[in-house]
Amino acid sequence: MNFLRFAVRRLVEMAATLLGASFVVFGAMYLAPGNPASFLLSGRSASPAALQAINDQYHLDDPFLVRYFRWLGQVLQGDFGRSITYRTDVSTLLADRLPATLTLVAMALVVVVLIGLALGWIGAVRGGATDSAILLSTTLAVGTPSFVAAVLLQGLFAVKLGWFPTSGTGDGLGDLLWHLTLPAIALALYLIGMLARVTRSAMLEALEGEHVAVARSRGVPEHEVIRRHVFRNSLGTVLTTGGLIVSTLLVCTILVESAFSIGGIGQLLELSTTTKDFPTVQAISLLIVALFMIVNLVVDLLHPLVDPRVTLGTRRSDA
Amino acid sequence: MSVALTRRPGLGRLKAARAPLHLACLGIVALVVLAALLAPWVAPADPNAVDLGNALAGPSPDHLLGVDAAGRDTLSRLLLGARTSLLGPLGVVAFSTVAGVVVGLVAGWRGGWIDSVLSRSTELVFAFPGMLLAILIVSVYGEGLIAPVLALAIAYLPYVSRLTRSLVLAERMRPYVSAYRVQGHSAAQICLRHVLPNIAPIVLAQSTINFGYALMDLAGLSFLGLGVPALTPDWGRMVFDGQTAIQHGYPLSAILPCVLIVLTVVAFNVVGERWADRVARRTP
Amino acid sequence: MNPGKHTNPEDSMNPGKHTNPEDSVNPGERVHALDVRGLRLHLPGAARPVLDGVDLTVAPGETVALVGESGSGKTLTSRTALGLLPTGATAEGSVLVDGEDVLTMGPDRLRALRTGRAAMIFQDPRAAINPLRRVGDFLTEGVRRTGVMTAADAGRRAAELLDAVGLGPELLRSYPGQLSGGMLQRVMIAAALMGDPVLLLADEPTTALDVTSQAEVVALLDQLRERFGTGLLFVTHDLGLAAAISDRVHVMYAGRIVEHGPAEALFERPRHPYTAALLAATPRLDSGPGRLSAIDGQPPDLRQELTGCAFAARCRYATDLCREAAPAPGPVACHHPLEGSRADD
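Residue numbers (the working numbering), protein chains in the order written: chain A, 1 to 319; chain B, 1 to 284; chain C, 1 to 345.
Among these hints, one or two may not hold up.
[Unchecked claim] Listed next, the stretches of chain C that the computed footprint assigns to chain A, with coverage defined by at least 3 CB atoms under 8 Å from CB atoms of chain A:
(1) 122-132
(2) 138-150
(3) 227-237
[To be verified] For each label pair, taking beta carbons as the anchor points, the in silico distance ranges come out as:
(4) R9/A <-> L87/B: 39 to 49 Å
(5) Q304/C <-> H194/B: 36 to 46 Å
(6) V12/A <-> W113/B: 18 to 28 Å
(7) S174/C <-> R9/A: 19 to 29 Å
[Unchecked claim] Here are a few chain A residues that sit away from chain C, every Cβ distance over 10 Å (derived from the structure):
(8) R70
(9) R82
(10) S91
(11) V113
(12) S132
(13) G172
(14) G174
(15) V220
(16) V306
(17) P308
Derived from the structure by calculation, the hints contain no laboratory data. Every residue gets a Cβ at the ideal spot worked out from N, C-alpha and C, and that includes glycine.
Here chain A stands alone, though its shape is the one from the complex (with noise of 0.2 Å):
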């Protein structure tokens, strides 16, 4: 049960697996057809100045490893470059896309949390005509891209009823949540889908148990029995989702900012992987990709909290 040995050496494990997707990220461009100055330039005026200017801030004339050493450097002190097509520092623009990202994600996640528990318990507890119910409209959201999610509700919401803007982020915060409304619906729907069923699975797992029968013929509340011995048990599971979840967010966030014309970090992936922006492309990869794996390490490291049974240093079967 030593925690501190546990979580140093999932550090040390996401670090690894960091540094490997950076490698990735790097070495795509290189898998490119053609030299990496003529790809980073891509059908852009390639005046032998331009080119030259390329070459010095890529270092192109060094060997690939030394570029990989020096690039990570900077990635490590916030330098991810700069953008071709903006002609600014790419962390001033994360910079300033990330808050429409980071709001929009986290009222997703709310609404993800918050139905998809609710759903999951209902369905669990009530049975029935209920749980047909919530299986069926569950499947349909896990069948539902985002995109399909945001253009239909875009089309009924905004564009029919008018209830909602139909795209952009608006003015002051107050603004920003009522534009973010529909966006983050779209975005929670399919998680919403997993994760009621995740829960819903759980929790009729752990409602077989006989600690349930036994605090029933205790006298327990049904109430207090779903909650202390049923929905408490199935967290666990719940809770292994976690960066499955956010990933996701985090990835169709690309599809619905495009969708709403959002202008977040996904709206600037889609637009930077059109017009071949290289260096943004690798700092939102390595964003979403970092987020992912940090997350997962909160998972790891508060499983134990929410499970004693867990014995530190024996990984879980990923999601």
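Fit chains B and C to the known structure of chain A by using the hints.
Okay, now just chains B and C, sitting in the frame of chain A:
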């Protein structure tokens, strides 16, 4: 021996796959596949025939499901779109299944350093969501179907290889394997003749489940304009094109591909899960 | 609370409201802790009742054993005393706990019964105690969540009872995973005593334990029964254990009580062929090797209707009468009770 199918959470127990739903989903799968196969012959119009004067017109005898913002026949585009929309996921699933089975077989059978190298790299691939990897590759190679299909195949490979590995590990422990070994059969022979056929149903069920997800991912990429080339009919692309039509109050050309995407993904999920449940019950 | 201090359970724990039978509704007549009369339980999809006319009494301070194979209905009978019926089951007859019929109780009365007058000790404490909650939480949960006691009172009583079962109060803070099976079963027993019950139901409380813990738990149960004056219904498949711990034994087969009587007599001179066969199948220290004989055949299937004696198909003395008419309930429910000492020869 406990061999669990690796499913994405959320579809762990699809108990809703009761007979009627399952049959309906099988029907949808059959219908969509049929449409994709027969599209060029049954499509009433050229899917790329532009008729701007007739843009956004509703259903009519000429255009049963109306036309889109560029005046192209929606029904024809849906039918031909089924081809691209199914071909992409099929590529992803085919590649990830074949490569995943090879990787899993080698890792499970040989063990040792190969196994640890492979499980390390599996970890790395898991850190990249499929869509992100696809976007990364597209940003290097440019749009088109090949790059995203390859990227997604790599992203889906660990699901297959990890499953195969655990199945092979379990299979290797069974007495018949050592019996064949004693009789002088080579490892390759035993793998191909006996192990592979035994584990195939479970792996294929997993791949069916992956198909639905690959369809979602690829449609999403097309929606971003990063998948198929602009003129190729594709459901994801049609949703993107239809978005402007919706904003002008003509939702039909966007809603229809949306519905088809959802129905197809749900159908493949339900069929795959049902299959997975059945083969999982059959194995010891 | 000083853990070393000897507490007198009669004073501090037993308010005396249940143990005094004279106070209850029928003056003069002794109220049983448990009084089961003609209990019949039907399950959906079963062709015959799973419990078919069970009669059983447990007096305060008395230990009664209910013996039978798995599937005989012994566990169902004991659970019915807490109103724990399987889903869809319908019950006939009456199950009086401390003079009140469990089968006609509303949910509130039932909850009060479960937190107070009746409690059950389950077979496998590892499965019965939520591994995610602390021992203290398990002990106090029933009385706290129903508002019977304040948190402070419940905590104090939990510590007292842990002391009574030979465990220290420091265990209140530990998780079930940190305790051995035997310790957990002691916790279970302490938890059952929290509501000061008149009736304790022990459902194979020793089966999941190792041999040493088994003996300790049995001794502890006996000691506590005496100390607190509770009636104890001991459910087991082990006839030898039943005879050792109980005053009276009921032998159950296919949902019916086939024989009952004082433990000693039943053990020495079984009169029902099933009891005799069960004894012959039980290893005994005083009998030589090679004396064990299994009972041929299987208990009757729930999906088939039953005419005649339930044991007829496996009974070597069965006659046509046995196959046609069910024997009348009584001390020996058999058309041809055995005579003599042991029938296993």
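Out of the numbered hints, which ones does the structure contradict? Of the numbered hints, 3, 15, 16, 17 do not hold.
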